[in-house]
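As given, the protein sequences belong to chains R and E, one line each in that order.
Quick note: the first sequence, position 297, residue 297 per the numbering used here, numbers continuous.
Quick note: the second sequence, position 167, residue 167 per the numbering used here, numbers continuous.
Think of the hints as simulated: they come from the structure by calculation, not from any bench.
All the pointers check out, no bait thrown in.
Each pair of labels, with its calculated beta carbon distance range: (1) R/ARG92 with E/ASP303: 55 to 65 Å; (2) E/ASP126 with R/ASP218: 47 to 57 Å; (3) R/SER59 with E/VAL244: 35 to 45 Å; (4) R/VAL244 with E/SER74: 43 to 53 Å; (5) E/ASN197 with R/HIS250: 13 to 23 Å; (6) E/GLN225 with R/ALA243: 36 to 46 Å.
Think of the CB as a built atom: it goes at the ideal place given N, C-alpha and C, for glycine as much as any other residue.
Protein chains: 2
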Amino acid sequence: MLVGSHLDSQPYGGRYDGQLGVLTALEAVEAVAESDAEPDRPLEVVNWTNEEGTRFQPSMMGSSGYVGYEDVESLLAATDRDGAVVADELERIGYDGDAPCEPPDAGVHSYLELHVEQGPTLDDRDLSVAVVDGVYGMSWLRITVEGQADHAGPTPMHARQDALAAATDAISEITRLPGRLSADAVATVGEVSAEPNSVNVIPARATFTVDLRSYDDDVVDRGVQRIEAEVAAACERHGVEAAVDHVSRHHSMAFSDRVSAAADRAIEATGVEATHLVSGAGHDAQHLQTLTDAGMLFVPSVDGRTHSEAEFTEWADCVAGARVFANATLELATE
Amino acid sequence: MLVGSHLDSQPYGGRYDGQLGVLTALEAVEAVAESDAEPDRPLEVVNWTNEEGTRFQPSMMGSSGYVGYEDVESLLAATDRDGAVVADELERIGYDGDAPCEPPDAGVHSYLELHVEQGPTLDDRDLSVAVVDGVYGMSWLRITVEGQADHAGPTPMHARQDALAAATDAISEITRLPGRLSADAVATVGEVSAEPNSVNVIPARATFTVDLRSYDDDVVDRGVQRIEAEVAAACERHGVEAAVDHVSRHHSMAFSDRVSAAADRAIEATGVEATHLVSGAGHDAQHLQTLTDAGMLFVPSVDGRTHSEAEFTEWADCVAGARVFANATLELATE
Numbered sequence: 001m002l003v004g005s006h007l008d009s010q011p012y013g014g015r016y017d018g019q020l021g022v023l024t025a026l027e028a029v030e031a032v033a034e035s036d037a038e039p040d041r042p043l044e045v046v047n048w049t050n051e052e053g054t055r056f057q058p059s060m061m062g063s064s065g066y067v068g069y070e071d072v073e074s075l076l077a078a079t080d081r082d083g084a085v086v087a088d089e090l091e092r093i094g095y096d097g098d099a100p101c102e103p104p105d106a107g108v109h110s111y112l113e114l115h116v117e118q119g120p121t122l123d124d125r126d127l128s129v130a131v132v133d134g135v136y137g138m139s140w141l142r143i144t145v146e147g148q149a150d151h152a153g154p155t156p157m158h159a160r161q162d163a164l165a166a167a168t169d170a171i172s173e174i175t176r177l178p179g180r181l182s183a184d185a186v187a188t189v190g191e192v193s194a195e196p197n198s199v200n201v202i203p204a205r206a207t208f209t210v211d212l213r214s215y216d217d218d219v220v221d222r223g224v225q226r227i228e229a230e231v232a233a234a235c236e237r238h239g240v241e242a243a244v245d246h247v248s249r250h251h252s253m254a255f256s257d258r259v260s261a262a263a264d265r266a267i268e269a270t271g272v273e274a275t276h277l278v279s280g281a282g283h284d285a286q287h288l289q290t291l292t293d294a295g296m297l298f299v300p301s302v303d304g305r306t307h308s309e310a311e312f313t314e315w316a317d318c319v320a321g322a323r324v325f326a327n328a329t330l331e332l333a334t335e
Numbered sequence: 001m002l003v004g005s006h007l008d009s010q011p012y013g014g015r016y017d018g019q020l021g022v023l024t025a026l027e028a029v030e031a032v033a034e035s036d037a038e039p040d041r042p043l044e045v046v047n048w049t050n051e052e053g054t055r056f057q058p059s060m061m062g063s064s065g066y067v068g069y070e071d072v073e074s075l076l077a078a079t080d081r082d083g084a085v086v087a088d089e090l091e092r093i094g095y096d097g098d099a100p101c102e103p104p105d106a107g108v109h110s111y112l113e114l115h116v117e118q119g120p121t122l123d124d125r126d127l128s129v130a131v132v133d134g135v136y137g138m139s140w141l142r143i144t145v146e147g148q149a150d151h152a153g154p155t156p157m158h159a160r161q162d163a164l165a166a167a168t169d170a171i172s173e174i175t176r177l178p179g180r181l182s183a184d185a186v187a188t189v190g191e192v193s194a195e196p197n198s199v200n201v202i203p204a205r206a207t208f209t210v211d212l213r214s215y216d217d218d219v220v221d222r223g224v225q226r227i228e229a230e231v232a233a234a235c236e237r238h239g240v241e242a243a244v245d246h247v248s249r250h251h252s253m254a255f256s257d258r259v260s261a262a263a264d265r266a267i268e269a270t271g272v273e274a275t276h277l278v279s280g281a282g283h284d285a286q287h288l289q290t291l292t293d294a295g296m297l298f299v300p301s302v303d304g305r306t307h308s309e310a311e312f313t314e315w316a317d318c319v320a321g322a323r324v325f326a327n328a329t330l331e332l333a334t335e
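Excised from the complex, chain R in its bound form:
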């Protein structure tokens, strides 16, 4: 066991999530190498390409290609909004290696990933580590409301077909919906637009997106039905029409009990304050679960902040996470 390893001497506190995970994995391998442990199988460190999908879609590109969820050639051909191609950009920055993006012939025995929580639960409860039981189900919708442009002055309220008024009525109800669905549901309207988008013209068209998530897929499906009903009711009130585009639907998934049990034993051995959580965000590990037994660990995000320069994890929590990660990894490599 590595319980007392030198992992607390490494200065990776507060780095961003992707870096934190990779550095922890490198430290864990080094800790194993420097110990007298003798794992039964090799340890490999992976830094997945393009987890976020900010510039190139889809997100979680590297793990998606690795497990065969998407075709690697198609992923390499993806373009950004300026037409730049993933394959060319990887070559340009020197990240286009020669190892094939596929599992080894011998297969993958287990997969463990450390990540920041990206939510407030661990920080609120003053805990250092969470074992992640699974990932929320998710639905993305894009809703387009069609009304009629008219002059904002001479058109009485009763004679309007205001697309944005209908859209905002629906959005107000959608952001209140989670509390009526379940304790864990979340709904977000992240994008909105109006046309012609002019101060004195009644909007002829309004569009918005909905991101709805819960660990219970029935809740997601029921939520989508309620959203469609709220959109229809708002359109009826305002005399406009709407189209609901079902952009994507990811079902919830559970990680491996075997990997989680190894993490639980590492938590017990290291004495770290920990709990179990479900992830509201998607992660590369969920692709790996389709290939092998996968699991995840979270360390806290201070104030739950993420995708922001304010994202931060305390040094002591990084160390606690690294210890649990290294011990669980060694057990998985030895069991």
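Dock chain E against the given chain R, drawing on the hints supplied.
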């Protein structure tokens, strides 16, 4: 009198508002010239530059400079979003005449303008002409809501500071507000935006505009207070902050009783079906009222449509409007 003039033989039915007004004025002058009427003062036809303000702001540019509400040199120096200058563009298209943009030394005795209603009232009531008593007061607001960006998945509903959720709650209330203010009030949210405007990120910022109008300036002022209260309440609920920018405030105005009385007598003489209305839209005539006695006539907009290719006025209504306009103009030139 011109009651039976040849005005019904001219094919200007259904043209757009600016053209309709100018063509009617030219026809009216021609009708007077061809009649045996002997006006006491000259008739001048004017086609005001840039009434809409779509490309160059401010709107109602020509009349604004003519009456001295804005400085002509400043107006000529206004630029569009590509940096093109009004003076250069007028010269380029051959519209930069050599007559000074100012009233004659002898002053202006009266001003009468014919326009499409741009609302549904005349069409709904099957009337051909309205005498316009005045123009609504108006307030334009730009509201910026500041929240906090977070990941749409792992951030529970109670831990959010969602700028767009607060904005849409406020917008829903604002579009319901006119019915609680007065019979004539109208409120429009024409522009909206969210930042970072991404499907899976809780918006950190949302902005929207409000266009609020009524013929009663107390109603406009009370409405602005109510809007500020609704924005504050929505922000309180969502734990976000908002700034309300008072972009502009135009007070309501009344046209000249003398000019309106001449129009009423022309309506009686011609037997046209008519009423009195107040304009929800701004017009060049309101600038002229600051210089002299001004008035306006409306003809119907079919289905109230305007600022759209669907804008249309029936031939018979154009003729009725032209007859009233010509007769009132002759009376004003003779009285």
